[in-house]
Amino acid sequence: MMKIFKKYGFLTAIIIVNLFALIFFPQVGKKSIAFTWDNFENFLLTLFPVFICIGLLDVWVEKEAMLKIMGEKSGIRGVLLSFLTGMITAVPLYALLPVAGMLLKKGSKFSNVLIFICSCTSIRIPLLLFEVSSMGWKFTAISFLTNIFVVVIIAFLIDLILTEKDKKEIYDSSLIM
Amino acid sequence: MNIVFTYGLYVLTGVLLMLSFMKSKAKTALSLKKAWRMFFGILPQFLAILFLIGLLLAVLQPDTIQAIIGSRSGIKGIIVSGLLGSVTIIPALIAFPIASELLKNGAGMMQIAVFISTLTTVGFATMPIEVKYLGRKATLLRNFLALLFSFAVAYIIGRVLG
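These protein sequences, in sequence, are chains A and B. Heads up: the first sequence runs through residues 1 to 177, numbered per our numbering. Heads up: the second sequence runs through residues 1 to 162, numbered per our numbering.
Careful, some of the hints might be misleading.
No farther apart than 20 Å at their CA atoms in a straight line, the calculated lysine-lysine pairs in the PhoX-like style are these [unchecked claim]:
hint: 1; chain 1: A; residue 1: K168; chain 2: B; residue 2: K137
hint: 2; chain 1: A; residue 1: K73; chain 2: A; residue 2: K106
hint: 3; chain 1: B; residue 1: K27; chain 2: A; residue 2: K105
hint: 4; chain 1: A; residue 1: K7; chain 2: B; residue 2: K132
hint: 5; chain 1: A; residue 1: K106; chain 2: A; residue 2: K168
Quick caveat, the hints were computed from the structure, so don't treat them as lab data.
This is chain B alone, in the form it adopts within the complex:
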């Protein structure tokens, strides 16, 4: 499903490029040059984050995450799940099956909800890139608020479904 979306993105990009090329070769060349320059401008940060995520994943593997979230319950479990979700970067598509597996094995609904929500909205590892585009203040605020509201959403989900 994720890969379908990525292919869609490629098709869209191809169509746009073709349209652009038909309208003006010069402008298309300029846009590609700009894309290249912008990409290289941010590449060092991206590489650093890739290495950081690699390290985090090596220390915190999916089964470690499962063990941590699965075994703890209550407020403590919710907070731990939120923090775990904030530091790990796993595509939502891989996270959903892990989450449903955890639910079947008896993990709490609120813990799972917090984990899924922080996974996609809070990114400690990607903060340096976010700072580059949004500035320090907005980045810190966004991540902090996203973490806070993940607990709120999870609470609502837990109350309704639990």
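Next up, chain A with everything else stripped away, as it sits in the complex:
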């Protein structure tokens, strides 16, 4: 019962709020439903291939192989690999998180997964040209360079603050995704 509530509680609450808005503020309510629908299409469009790739990763990539390339002993190569894959990926944060979960399940080092997520969100090589055209190359270059440091610092700090017990809990929950 508690589990069902936990799973659907947030959804139920937000739908009730939406209904409330529809009844008392029809303008806002209607817009909200329209935006939700628009976003729903985008979400599905992005999530569909992402989840298929995660499924393939789960079945085909052995834990040992993943341990070697991004695991505890992958060293600087693991760090660079996480960084590079993160930088060339330009999917939104919500689509990245399941990927991060799968990387953890396969035994990637926690700090490497953090580097992957952080570099994905702040450095997007596929969007660079677009950024240059609307923000100018100076803006783009400075934010690119400073973000490289920021990614490393944030990943390092989180890794430092989390205890072994915290990390074990995260790895344990990644097994049942």
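With chain A fixed as given, assemble chain B onto it according to the hints.
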């Protein structure tokens, strides 16, 4: 450009699926089954967030955002821009043109930089999903640090370009 990337993702997924299918039908079927199960496991949270984002966007529309960021300046404007960027989820590709428009209309460089940076790195709305995969502590830390460092990056950009 975003759509090009999404198509690329589809092509890549198609190629991988084909390779997988040629190697083993059984394993491919298993992977699809797993993908389906994982997707449904997280779907309620995703739907909830979709509704939440819909509501936020209905209240905070692009022109509202433009008005808020454009009209305020100084430290207060920077903080407001950071908070706005943290609660809204707009694809970076839509955000860039809005940002350059704002710049032309006289908004400050630091405000814009903070807005763009928090938009992609800090996600209040998606936190429930993040908690599911990374745990509460890591999620809170990551979002907090990303917000903090967005101000730092914006400061550097503002100092160099301003």
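query: For the pair supplied as a hint, K168/A and K137/B, is the alpha-carbon distance within the 20 Å limit?
result: holds, 13 Å
- prompt: Between K106/A and K168/A, is the straight-line Cα distance small enough, at 20 Å or below?
  reply: This hinted pair holds, its Cα atoms lying about 14 Å apart.
message: Does K105/A sit within 20 Å of K27/B, going by the straight-line distance between their CA atoms?
response: holds, 18 Å
task: Sort out whether K106/A lies within 20 Å of K73/A, counting only the CA atoms.
output: holds, 14 Å
- request: Assess, step by step, whether the Cα of K7/A is no farther than 20 Å from the Cα of K132/B, and give holds or violated.
  value: Status holds; Cα separation ~11 Å.
Against the hints set out earlier in the document, no violation occurs for any number.
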